[in-house]
Every structure is written in structure tokens, then in C-alpha cells.
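**Student:** Chains U and G, in that order, give the protein sequences.
FYI, in my numbering the residues of the first sequence are 2 to 358.
FYI, in my numbering the residues of the second sequence are 2 to 358.
I should point out that these hints are in silico values taken from the structure, not numbers from a laboratory.
One should not assume that every hint holds.
Since the list gives no way to pick out one identical chain from another, each pair is judged satisfied if it fits inside one copy or across any two copies.
Heads up, simulated DSS-like pairs for lysine-lysine below, C-alpha to C-alpha not over 25 Å straight-line [stated by the list, open to error]:
#	residue 1	residue 2
1	Lys243	Lys290
2	Lys243	Lys167
3	Lys304	Lys272
4	Lys212	Lys338
5	Lys338	Lys319
6	Lys304	Lys319
7	Lys304	Lys338
8	Lys15	Lys338
9	Lys338	Lys56
2 protein chains.
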Amino acid sequence: MIIDCHGHYTTAPKGLQVWRDAQIAALKAGGARSKGSVDVSDDEIRRSLEGAQLKFQRERGTDVTIFSPRASAMAHHVGDATASLHWSEHCNDLIHRVCGLYPENFVGVCQLPQSPGVPPAACIGELARCVTELGFVGCNLNPDPSGGYWTAPPLTDRYWYPLYEKMVELDVPAMVHVSSSCNPNFHATGAHYLNADTTAFMQFLTADLFKDFPALRFIIPHGGGAVPYHWGRYRGLAQDMKRPPLGDLIRHNIFFDTCVYHLAGIELLLKIVPIDNILFASEMVGAVKGIDPETGHHFDDTKRYIDQVASLTDADRKKLFEDNARRVYPRMNARLKASRSPGDENASHVAGGARAV
Amino acid sequence: MIIDCHGHYTTAPKGLQVWRDAQIAALKAGGARSKGSVDVSDDEIRRSLEGAQLKFQRERGTDVTIFSPRASAMAHHVGDATASLHWSEHCNDLIHRVCGLYPENFVGVCQLPQSPGVPPAACIGELARCVTELGFVGCNLNPDPSGGYWTAPPLTDRYWYPLYEKMVELDVPAMVHVSSSCNPNFHATGAHYLNADTTAFMQFLTADLFKDFPALRFIIPHGGGAVPYHWGRYRGLAQDMKRPPLGDLIRHNIFFDTCVYHLAGIELLLKIVPIDNILFASEMVGAVKGIDPETGHHFDDTKRYIDQVASLTDADRKKLFEDNARRVYPRMNARLKASRSPGDENASHVAGGARAV
């Protein structure tokens with residue numbers, strides 16, 4: 002089984018954006034703050050996926066995508082905590098409908114109703130609802146709800162601890178993922194995303210967060226930002242600062258995805274980062290939509306790059322494509338088990354890996 | 002000849018910091034704002050270099066370092082434009098003394114007296130002084146004088162154009178280099194530096210700056226931040242945005258240095274980025290000071306990594322180690338020519354590459 006741990010609902014039907022536009026207009030007008038409803042039919046959802054994510058799953062040979070709302074649209078800097086909660090609930094409910102319509106293809110991860118200056122503890126309710134009621138297996142955590150001005154405390158600050166306590170209690174990880182940037186210095190997908198990945202890693206390196214939360218797990222997406230390319234720099238900084246070796250730092254707590262869109266980058270990632278800490282991902286349909294004229298294939302068809310890395314053993318591939326994701330997102334096992342027929346070739350493995358949720 | 006294009010005076014004698022501490026104390030007290038003088042002797046300068054940069058040049062087999070004030074100490078966010086000017090003048094004068102004491106080993110690059118909210122045009126005077134009076138060959142340009150809050154316009158904004166006009170007139174490049182971070186999210190050398198490199202590249206990719214300034218040249222240090230590792234992402238983003246191919250974008254205007262502290266990272270850089278756009282550098286003595294237990298050598302001994310890349314031809318190495326730096330910092334040619342004795346083995350080449358300054 003091939004699990005893609007990083008997909009966003011970038012193709013959501015227009016009814017979702019219609020609702021969001023109306024919300025933003027109401028915020029500007031200072032008008033009523035009702036949550037209202039999103040007008041999207043099941044057929045619209047099916048159409049939005051059949052020619053995009055589902056088509057690419059089939060074409061590329063991947064099985065299931067860990068699926069969350071569009072990251073750039075989270076825009077936690079818009080409005081206040083109530084606005085963010087309403088928006089997050091609608092986005093998460095739509096992901097839940099996707100997972101209900103295609104239970105074998107998608108497993109849900111939620112957007113959190115973060116808001117600048119509002120303690121992350123305010124997100125616990127929505128996280129718990131998504132995990133316990135909607136069957137989601139993780140969350141996306143934005144280290145910069147200000148959208149490019151970085152006004153929140155570092156992820157290692159006790160400010161975030163109440164949310165981490167709930168994550169550990171629910172046994173769900175967080176992908177560290179910023180949203181759009183309202184700072185003109187930072188292009189979202191070309192700078193802000195990668196900077197956040199790099200920033201989060203260095204925060205984790207310099208603090209003892211995982212002593213306080215040994216079971217807390219983060220996925221740093223986009224191949225870990227700049228980190229694997231600068232692995233020697235980080236090894237050296239850790240040594241100079243008397244911090245643990247990077248292998249020890251990340252072992253049970255930090256994982257990188259494979260959203261790196263060329264072969265040389267994937268080769269570096271797989272050479273440098275321990276295989277147990279890498280999760281397959283493509284982020285399709287996402288930041289880069291085009292076809293690489295040098296290969297004739299989509300830039301974000303990351304499985305093709307991995308397939309070309311001859312040094313990977315079959316055991317490595319199984320970790321990368323499946324086992325690591327099941328370990329990092331353990332609630333997925335029950336979801337996948339429930340969605341598989343008894344005759345499925347993976348059923349025995351899935352059952353073996355399942356755990357109470 | 003081997004030119005290291007990225008070295009900072011991180012080992013400056015304590016008299017410099019004594020002056021800076023007094024300045025900051027005076028700023029806090031709201032007291033007099035005299036420039037005063039820095040109490041550092043020539044012997045102190047010699048001692049500060051003999052056991053550090055000069056020793057490493059000898060041990061590693063490099064010849065000359067393009068040398069600038071300590072980047073993390075620029076701290077443009079401290080005080081106002083006058084404070085920044087006084088501090089920059091002292092720092093640059095000290096670099097000038099270094100270059101005077103060791104003209105064969107160091108060529109100067111200046112710190113600019115930037116200050117948050119103050120237009121970069123205010124730096125033109127100090128840039129011109131350093132280039133025309135002190136013989137410096139370039140400058141370090143901080144895209145974020147706020148120190149981690151990114152409140153200045155992007156580097157492609159017309160805000161920066163008066164400074165660029167002077168750079169082009171003087172025929173000097175800028176290394177894009179932030180200073181220390183006062184934002185607790187960003188570790189300086191582990192996040193802020195690399196983020197700035199990535200950010201600047203994406204700014205350049207999305208604008209037509211080099212149509213306005215065809216002769217403007219930037220060095221993006223630290224191996225280009227996250228960029229080479231994510232080269233496919235950038236190629237794809239450029240294509241999706243109908244921007245020029247990356248090779249065309251960078252050809253005459255953007256250069257990466259080799260401050261990447263492990264072999265796999267250097268291999269990626271040399272495989273991905275055109276050789277004409279890479280300048281040798283180590284940033285010693287800088288961000289990472291230790292010895293890599295896996296190799297027994299300093300992390301920042303980047304020449305060793307390059308020496309291990311068998312695919313480089315002799316012509317490639319000459320570009321990487323010397324010719325590219327002479328092309329990007331053309332004023333260096335006259336400096337090096339002046340500092341070589343007639344019998345020097347490189348003299349004929351240096352003379353051939355020299356140009357009027």
C-alpha cells in the first residue's frame with residue numbers, strides 16, 4: 002500500500018470559496034457573525050476529485066492520501082478566533098464528506114482554528130471533534146498564524162503545550178504547515194512554506210520539547226525545507242550547542258515528507274535522513290501543477306523519483322510508502338482496516354497493524 | 002588561486018565590542034551621540050587573525066578571502082540610522098586595516114548602515130566611501146533590517162533602486178545577508194540566514210529587477226538557502242507563473258556560494274546549479290566552528306568536499322575557485338594585481354584579468 006501523507010483539498014467546489022468570501026465581506030462590514038452553511042453537493046465533490054486527486058492516485062499508483070483543507074486558504078490572520086473557527090469547521094466538514102464518499106482513498110487531517118494572539122488551547126475543541134467524531138488522524142499546525150510576521154512564540158514555548166497535551170492524548174501528530182503570507186517579502190509556496198519548515202526544525206533542535214512530550218510527533222513537510230541540504234550545518238550547530246545528535250533528536254518525534262520535486266533533491270533526502278523518519282508525500286494537487294519538460298512528467302509525481310533511487314531496499318520502500326505513515330498516524334490503521342474488504346491483499350497486514358481508537 | 006568569497010571578521014579584537022557596548026548603553030541612556038574611536042592595535046588585529054582565518058587559509062590551501070564585518074553583529078535593528086552609520090564606519094574601517102596588514106589575504110566588503118524604515122539610499126555614502134576610498138569590492142545587503150520581522154519592502158521594490166544604481170555605477174555586487182534575529186522564532190544561523198537566502202531568491206524569481214538592472218549582481222550565500230535542494234519546485238513555480246527558466250533568470254545576476262557543510266549537499270549544489278553561478282566560499286570562521294566526528298575535519302572546510310567531487314573538470318574548478326569571483330567582484334582584480342609581486346606564479350593571469358577601477 003502506498004500512503005501519500007500530504008494532500009490538500011485545493012480543488013474544493015466553488016461553494017466553499019463563496020462562503021468564505023461572504024464571511025470576509027461580513028467581517029469587513031462588521032455585520033452578523035452567523036456560521037451559516039456551505040452549499041456544496043456530493044456530486045460537486047465527486048467531480049472535484051475524479052479528474053484531479055483520484056485520477057493522479059490511479060495514474061501514479063498510490064492508494065490513499067492523508068487529506069486536509071487547502072493550506073494556503075487557512076489564512077489564520079483573517080478575522081478573529083470565531084471567524085477562524087467557523088471557517089475551520091466548514092473546511093473540516095468538507096474533508097469529512099470527501100472521506101465518507103471515498104473511504105479507501107482519503108483519510109482526514111484537520112485545519113485548526115488558530116488566530117493571531119489567541120492561545121492554541123482554543124483549538125483543542127475542534128481538534129477533538131475532528132478526531133473523535135469525524136475520524137481524522139492528525140492536524141495541520143501553523144507556527145505563524147500572523148501570515149508572515151511571525152508574532153507567535155516558537156513551537157517549543159509552553160504557549161503551545163495545552164494543544165500538545167491533547168495531541169498526545171488523542172495520539173495524533175501535527176504537520177507543521179503555514180498558510181498564505183500577507184507579508185510581501187514571502188511568496189507563499191516559494192518562500193514562506195520552506196522557511197517555516199526550516200524554522201520549525203531549528204526550534205526543535207534548540208529546545209527540550211520532546212523531553213516534555215516524548216510521544217509528540219511532527220511532520221515537517223516539503224522535504225524538511227532547507228534542512229537535509231544543510232544537514233552538515235545542523236549537525237555542526239547541534240554539536241557546537243551541546244545538543245543531541247540529529248538522529249537522536251528526530252528519532253521518535255520529527256519526520257520529513259518527500260515533497261521535493263526533482264530527482265537530485267529526493268536522492269539527497271534519502272541519503273541523508275534516516276529512512277524511519279521519511280514519509281512518502283506529493284502534495285498533489287498543490288504548489289507546483291505543471292509538467293517538467295525535462296522528464297515529461299508532473300513535477301509533483303514524487304513517486305517516480307523515489308522509484309529511480311536504486312539504493313533503496315524493498316524494506317526501505319515499505320517503510321517510506323506505508324509503515325512510517327501508519328506509525329506516525331496510528332489512528333489511520335483502524336480507518337484503513339474498516340475501509341478494506343476481507344479479500345484485500347493488504348487486509349492481514351492492516352489488521353495486524355490496527356489498534357484501538 | 003583560490004578565492005573564498007564569504008568570510009566575516011568574527012574574531013575581531015574586543016575593543017570593537019567595547020565600543021559597540023558603549024554605543025548601545027549611550028542609546029539606552031539617551032546620551033551624547035558622538036562617533037568616538039575604536040581602541041584596537043595592529044598587533045591585536047594580527048593576533049586575532051593569525052590563529053584563525055590565516056591559519057585556516059594556510060591549512061586548507063586557500064589564498065584570499067573576501068572579508069566583511071561580522072554579519073550577526075551588524076544588527077541594523079539597534080538604534081537609528083546615525084547609530085548604524087557610526088557602527089558601520091567603525092566596522093568597515095577595521096576591515097580596511099585588516100586588508101592593509103594582509104593585502105594578499107583579504108579583500109574588503111562593507112557593511113551598510115541600514116536601519117529599519119530608512120530608505121536604502123541613505124547607505125550610498127558609506128558604500129561609495131568603502132569602494133572608492135578604502136578599495137572594497139562589494140557590500141553585504143540586509144533584506145530585513147528589522148532583524149526577523151521582515152518589515153522592509155522586497156528586494157525587487159523600487160525602494161531599493163537608488164542603492165542598486167550606485168552598485169551598478171561602482172560595479173560592485175551585494176551578498177544578500179541578514180544579521181542577527183530579534184524574533185525568537187528564528188535562530189540566526191540555523192534559520193534566519195537560510196530563510197533570507199530562500200526568500201531573496203523567490204523575490205528575484207517573481208519580478209523583473211534584472212530587466213531594470215542588467216548589470217546588478219547578487220550573491221545568495223549559504224549555498225542558496227533551500228533553493229538548490231528544491232530546484233524542481235522553483236523550476237515548476239517559474240513555469241507555472243510564466244517566468245523565465247531559472248538558468249536565464251540567474252545567468253548574469255544571481256550567484257550561490259558553497260557554504261554547505263557536508264559532501265552530499267555540495268554534490269547537489271554542483272550537480273544542479275550552473276557552474277558559472279557558483280562561487281567558492283566557506284564562511285570561516287563562522288556559523289559552525291566544530292570538527293565533524295564523521296570526517297575528522299572542520300564542517301566548514303568546504304574545499305575538502307569540492308575536492309571530492311570527481312565530476313568537476315579542471316576548468317570547472319578554476320571557475321568555481323577563482324574566475325567566477327573575479328567576474329562577480331571585478332574590482333578585486335586590481336586589488337589582487339596590486340598585491341602580487343612580479344615573480345608571483347599567478348601574476349600573468351592576474352594582470353590579464355585586471356581592469357581599471
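**Student:** Output the indices of the hints that this structure fails to meet, ascending.
**Tutor:** When the structure is compared with the hints, numbers 2, 4 and 8 turn out to be violated.
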